[in-house]
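Colleague: Sequence:
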Amino acid sequence: MYARTVAASLDSPRVRRHFDARPGVTADAVRAEMSSPSTVGRALGQVRGSLVGYRRAVDGLARTRTERARARSTVGIDVRSVLVYPSVSAAVFIFIYTQSSGLSLWAELAAFVGAGALACAPTFLAISDSRSRQNLKNQLLLVGYTLSLPFDRFDVRRAAKSWERDLRDYGTPRAAIQVIEQLMGADPHSVLLPGDFAGLRSATDARWVVTGEASRQLERKLAALEDGTIAVCGPRGVGKTTVLQAAARSADVFSVTVRVPAAYTPYDLVLATFTKLCERFMAREDVEVPQLTRLSGFVRTRQHVRRVFRGIRRSLFFGIPAIALITLGTAKTVRTLWDRHREGVQSWAGTTGRWITEHTEDIWQGRSVGAGLAVTAAGLVFWRLGKSDRWRRRLLRWPGVTLRLAAACLILGPIVSLPFDADVRRHFLDALDLHAKGLGVTFLLLVMIFISLGAYILGETTHRHVLAPLWKVASALLLALALWIFLRIAVIRGILLDPDNSARVAYAVAGMLLLKVSSLRVRSEEPELVTKCRDHLIQLRTTQSTSAALNVGASGPATIGSTHTSSLASIPPNFPQLVEDLRARLADVAKHVKKQGGRTIICIDELDRLGSDKQALAFLSEIKAILGVPSVHYLISVAEDVGAAFIRRGLPHRDATDSSLDDILHVQPGDLTQSLNIMDERARDFPKPYVFLAHALSGGLPRDLIRYGRRMLEMHSEIASGQQASAVELTEISRRLIVEELSDTLGGFRTLLAKQQWTHQNATWLSGYRVVMDQLRTACPHSTTELVASLEYVAASGVAPATGPVASLPEAAQQLITEASAYTYYVLTLFQIFHPEDFEDRRTRASTTPAGRPQFLAEARLELAVSPHTARPMIDSARAAWHLRPLTSTLLPAVIPAPRPQPCTSASCRRLV
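Sequential numbering from 59 applies to the sequence shown in the numbering used here.
Derived DEER-like restraints, expressed as beta-carbon distance ranges: (1) V311 <-> L539: 55 to 65 angstroms; (2) V311 <-> T434: 44 to 54 angstroms; (3) L476 <-> K195: 48 to 58 angstroms.
Please keep in mind that the hints were generated in silico from the structure rather than gathered at the bench.
A virtual CB, placed ideally from N, CA and C, is assigned to each residue, including glycine.
Please construct the entire structure, taking both the sequences and the accompanying hints into account.
Modeller: So, in structure tokens, the structure goes:
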């Protein structure tokens, strides 16, 4: 069994993808190591629960065999115990024969007493003697253990299969992974292999979203506020949109989400919000949103017929056979009832019609003044009731209530009529007569029902997987046998086959049909709020025009006339009117949703893309007129500058946030634990060292974290295709990723520096960046000396170059150079941490201090966005924790090493480049 599970685990994709990751990691080497006692013990320890179950089943089988052998060895020949079996069998035969012989009550009782005496006498003789009693006990034990032996064997096979399945799925694969990690040597997790990375390919799919503290904090804020505006702020890429979407997807939430493009105007935002509000509310109320682009009448009719047929075809599939069978079974009865009551029904209908005609004529002719006044008063009252929503709903419910009452009478009437039927009453009294035949059958039925109930309870409570279904099957068979015996009783057949039962069934079927008809709902009047939303949609999305023409003239020898034409055209609502309409309709919708126990949320996303913070604040000032609607929560994603302005409220500084926002939620970048959770959800086969690198480069921002993870997979594919191997080391991935990231960043800084004013004296700074970028593009992959020297020079570029005098720099250029040098210093640190081998050992030594942990590197990355001057001391601390020398002016190279004229052409480099 163990060999089979080892072979299956080595053939699984989870284990097979590690083969040939490094020299010596082969299937044969892993298979040989899996046979060692220590590895076997680790594999069995992973499935301890199923192993204990298997051993328990084996012990139970061995115990049954032992007890069976002991009982067999102690069984002897004894006349008293042997006589028990034929006497009990004869008693059972007499009992069954008595039920089918039609004997009287006293004859049945005499047979029962005789069978009981026949069974009890030998049994009493056997248990009265100690030797016979022990022999009978051993015989019963032998029978019981013999019958239990197949079930115990089945339990062993079932437990063995369960243990083998767990060992194949969990035990040996985990042990094989541990063996592979041992064979790989140092840094086994620094190898990137193909695996499950589906979550990195879909960054916006809600399936891969990991709920963070920000979402939980927002839910608490929403619960604490009846209504209001909450700003969600944070750096770009931190997950503000994800937080808003998580709040909008919550249960019992009616939400409208509007994204603000860069060129949005306040009028466009209000218009889009109003339109989406109407569409979302109509969809929530299961009302079709009007398609303002009209199709032809034929196409609309065809689509409607297709939808109707699609909805009823399943009902037709089952309904037509059911109607045919019911009609066939009740046709004769219905015809008989109609022939019997036709004259009475026609007479009653004619009398009623004549009465109504006569009284109507009297009222119409004025011969019945009182009835005329009563009818007039009834009309006025009926008209008045139509003005009341409550009475209108009651009047609409009356037909359904009447039909349900009629259905109840038709269904319960046949049941109530049973005691009044002479034949049914006679059969029922015969069944209660204790002196009639069949008392033994009744007793047998009760015994069988109780035994069936006990068998079902045993099937539900037993813990043996084999006996549970057997007990339930035995219970069902006993119930079926009891029903068969019950239907063979003469009085029961007389009650069931009563001639009037056909009419009772017909009445019951008619009652059920009326009950079904009463459940049909008359299409109610469209809610007023839905009508208003439809009207608003037509107003907001269409331009309506109406024209009228009047021609007046006289014909004759000469035609004289005039034509008058007038036209009306709707104009779009102005901004104040649009705001008022939106607030009114939104308040109505929120009130309606609140009555149903829900919450209304309006999400305004991407407000931080409106250029600068001043533009965002100005935009917020324009749209704050739609804020503050009762029972409505507004969630607005803003930049950190807007959040900081709200924090400074009450100070001399004052802006739109003072009167627009009620609370603010700061979404902080994730820590290392959250990044590990995100990558574990999206890419479970992503090794931790690669998550550390992505976390350090992204600073904990989820968007950048996913982007760097996806870029690592792209590099893995590029390198693996060039090497013709699936395994790629961390040294290769980290070098390529860091060099690419730094090259793109320095290219951006050089573009910004090119916009400054340069002279011949200070152009050395700008040309130095060009040399470094050439160095990054042609750097030798198997030697980092030249690359590190170039990066060290740029990282300390605050010091004047050693090649000749340099003129002073413009202030803007100096700031850009300072930022570029700090970022280069940070990236150089990451390169010197992740590129060398033995990453795990160095990380273990560095983690003894807080500055040596991966989270500290992410914090330093975030500090670069605040100030390069405050970030440099943090980078120095991280370098000290990782035993890297800090950069000082005395350690700078004299010049930047010259770049290679072309990429390295050695054989080892061609496989990587």
